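In case you want the letters, here they are:
Protein chains: 4
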Amino acid sequence: MVTPLFERLTAAAGAAWHAYTRHDFVLLLARGDLPEAAFRRYLVQDYLFLLHFARAWGLAIYKSESLAEMRRAHSLVTATLDVEIGLHIEYCRGWGLSEAAMAAEPEALATVAYTRFVLDRGVAGDRLDLEVALAPCVVGYAEIAAERIADPGTRRNGNPYRDWLDMYAGDEYQGLARHAARALDDEFARRGGEGRFPELAAIFANATRLEAAFWQMGLDAA
Amino acid sequence: MVTPLFERLTAAAGAAWHAYTRHDFVLLLARGDLPEAAFRRYLVQDYLFLLHFARAWGLAIYKSESLAEMRRAHSLVTATLDVEIGLHIEYCRGWGLSEAAMAAEPEALATVAYTRFVLDRGVAGDRLDLEVALAPCVVGYAEIAAERIADPGTRRNGNPYRDWLDMYAGDEYQGLARHAARALDDEFARRGGEGRFPELAAIFANATRLEAAFWQMGLDAA
Amino acid sequence: MVTPLFERLTAAAGAAWHAYTRHDFVLLLARGDLPEAAFRRYLVQDYLFLLHFARAWGLAIYKSESLAEMRRAHSLVTATLDVEIGLHIEYCRGWGLSEAAMAAEPEALATVAYTRFVLDRGVAGDRLDLEVALAPCVVGYAEIAAERIADPGTRRNGNPYRDWLDMYAGDEYQGLARHAARALDDEFARRGGEGRFPELAAIFANATRLEAAFWQMGLDAA
Amino acid sequence: MVTPLFERLTAAAGAAWHAYTRHDFVLLLARGDLPEAAFRRYLVQDYLFLLHFARAWGLAIYKSESLAEMRRAHSLVTATLDVEIGLHIEYCRGWGLSEAAMAAEPEALATVAYTRFVLDRGVAGDRLDLEVALAPCVVGYAEIAAERIADPGTRRNGNPYRDWLDMYAGDEYQGLARHAARALDDEFARRGGEGRFPELAAIFANATRLEAAFWQMGLDAA
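Protein chains in written order, with the working numbering: chain A, 78 to 299; chain B, 78 to 299; chain C, 78 to 299; chain D, 78 to 299.
Since the hints were made in silico from the structure, they are not lab data.
Model, not experiment: these values are computed from the prediction.
The hints are all genuine.
Partner residues are not named here, just some residues of chain B that face chain D (Cβ under 10 Å, in silico): (1) 141; (2) 201; (3) 270; (4) 271; (5) 275; (6) 276.
Restraint ranges, calculated between C-beta atoms of paired labels, are given here: (7) A:112 to D:148: 52 to 60 Å; (8) B:114 to A:182: 53 to 61 Å; (9) B:297 to D:84: 51 to 59 Å; (10) D:226 to C:159: 33 to 41 Å.
Cβ coordinates follow ideal geometry from the N, Cα and C atoms, glycine included.
All chains, full assembly: derive it from the sequences and hints.
What follows is the structure, given as structure tokens:
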């Protein structure tokens with residue numbers, strides 16, 4: 078049986094992978110010990126991130142070679158613009174953050190670095206490069222949440238961040254992430270080849286490192 | 078009052094504009110005299126065109142500078158992928174053309190030329206360049222259908238192409254076209270300036286010429 | 078030994094390959110029987126083509142993943158802007174065509190179709206897609222000229238198009254084409270894989286078909 | 078007389094402009110007090126920056142609308158690949174940094190953020206957006222060096238960074254920067270308009286902020 082591409086990419090990223098998925102931000106959040114200021118900072122920047130995330134899937138529509146590929150990219154733009162951004166805004170309102178306030182906030186260095194890195198790989202490379210650059214986020218969040226929910230050290234009761242973990246550990250998001258991981262395999266079969274692996278692994282490792290910097294940017298606000 | 082950009086662009090295109098909107102293909106269609114082979118050829122190539130039309134609006138999502146701009150581009154991808162392509166496939170089935178048959182057809186020179194010209198202007202320029210390149214299609218079809226429906230020479234009864242005219246002369250499409258024309262004015266206010274007009278007019282005139290070649294490609298099949 | 082990618086691509090293009098490389102335009106030119114109007118039409122459109130050819134290699138600079146790749150793309154922009162366009166202008170002057178006259182000429186449908194098809198593949202895909210789309214031109218012209226020069230039916234004395242054949246059959250251009258063919262193999266090793274072959278073959282076949290349409294556009298002017 | 082666009086952009090950037098041009102890194106460098114580790118860190122990251130700078134001008138070739146525009150972008154790729162990177166490598170050798178060592182260094186967050194921000198504006202917008210995003214670097218370095226050289230507080234003798242200041246304060250670079258500033262005015266006349274100013278000012282201010290973060294990244298290494 079062939080090892081799924083996502084597994085190969087995380088293995089190749091080595092220590093950088095857990096430096097991201099088990100970053101202090103995540104561990105503190107799971108224990109309910111994350112300073113509120115860190116979480117708020119993260120929420121605001123994640124809102125700004127989502128705008129570029131939608132742009133990335135718009136780019137994927139343009140880069141599609143078939144109607145099926147176009148429909149999948151389109152469904153992710155729809156999910157982002159019609160569902161995720163809305164949920165995010167609603168969720169943030171619960172933390173006292175208005176959409177106008179978030180939209181007015183300057184992008185942090187880590188936000189600029191990660192989002193534009195992804196878009197650059199996506200424009201300069203092909204759709205496989207783009208989806209590999211997005212995978213630490215799309216598939217990684219599902220792994221992060223599932224791992225924390227399974228961890229006995231995670232605080233379930235009275236954890237102010239419980240909703241966040243539940244959302245990404247929930248069936249809907251886990252299904253979306255599995256789907257995205259399978260799409261990587263399909264595209265690697267159609268547009269990949271072993272010769273591409275080193276460059277794809279480099280993109281994945283860089284994106285992973287930039288995602289860890291995103292958590293750190295949250296922590297640094299505390 | 079400021080003259081709308083679309084009016085200025087059609088005026089600047091001069092004779093090329095009516096060479097497109099009053100092309101023999103259109104006049105024959107309105108009179109019900111268009112050879113069926115010409116219409117079938119057009120339908121198949123228009124299906125192939127729609128795939129690149131959806132890509133163009135995906136590109137516009139990527140090129141958006143605000144959530145509002147993104148939502149408008151997204152709504153046009155949705156309309157194309159979820160409604161127009163479906164209607165087109167259904168309509169073509171009535172003419173004995175299956176989706177598989179259309180997808181297997183090679184693109185005509187005129188189809189490649191128009192679609193890739195639009196995408197190139199869209200990538201190399203900004204979103205205003207992209208929308209100006211699309212305007213002869215998006216807004217032009219509404220003008221073509223409205224003009225023909227208003228023409229006493231148009232055959233209403235027993236015209237096999239009546240549905241086609243009604244679709245583009247109908248309220249829904251006319252509203253969409255008015256909306257697109259207004260969007261041109263908004264973008265010209267935000268990203269334009271008189272200095273840009275000559276280049277925008279050149280893009281519009283070229284796109285118009287390529288649309289006329291698209292009609293001609295249909296006629297040449299008869 | 079591995080079959081070079083270029084050979085595999087021409088084989089996969091089948092009859093379309095010779096419909097391009099042995100197009101009547103080429104055969105008539107080699108015999109010295111090409112109507113002058115056809116050649117002039119070709120020269121003017123080829124000038125307009127070169128502008129987009131330089132843009133394509135500029136795009137390749139942006140798409141480069143290493144300094145070596147960047148330098149190769151840059152050398153092709155340099156060759157086009159500093160040498161080829163100059164030679165072309167000088168050569169055309171000999172045929173009574175001024176640069177201003179050529180720049181003022183509208184692009185033919187075949188010119189728009191081929192150049193924008195290449196650029197679209199190049200932006201939507203990766204650098205390998207771009208170079209495969211350019212190969213029927215870059216490598217194909219060398220094959221065309223070498224084949225005609227080797228053909229006893231080719232008129233050597235008193236052939237007004239002899240210079241054109243000599244330029245592309247000459248050592249310099251033949252070396253450039255061999256280099257470009259080898260670059261395809263290198264990139265296929267690094268960014269390819271058998272899964273990509275069908276799509277690359279489709280790009281190559283389409284570009285070949287569009288190149289044949291370019292010759293035909295020349296002939297149609299006669 | 079019309080105020081040059083560059084002046085309007087720096088005025089609109091407000092305090093952010095001097096936070097960049099008079100950043101501690103610059104002031105310490107001019108006094109000869111910059112820790113060597115800070116300068117080395119800067120040199121390595123500036124090498125990695127130059128690779129993306131060349132890509133940006135490659136993109137500008139693709140985005141050109143005329144042969145003259147293409148030639149200017151091409152000359153900047155040539156200057157970067159054939160001159161600047163070479164000088165940089167030679168200069169760094171004097172500081173004990175080999176090219177291989179620099180190429181192997183991971184990009185700092187500030188390097189990723191600035192370079193990819195520029196490229197994203199360049200792809201999503203038009204060539205004016207691209208050149209405005211590059212201006213804090215291209216034109217800003219000339220202003221920084223000229224201002225420091227004119228400052229009596231700058232140490233001339235025994236300043237290990239004197240060469241660096243002289244290079245950017247020298248006639249050649251000052252001429253290049255003046256040329257780039259004039260090109261902004263030309264493009265603003267052709268592709269601009271007051272409506273674009275707020276968005277262009279936002280791009281310029283963001284790029285300025287990211288340039289300041291680049292200096293800070295150097296300082297943080299000390």
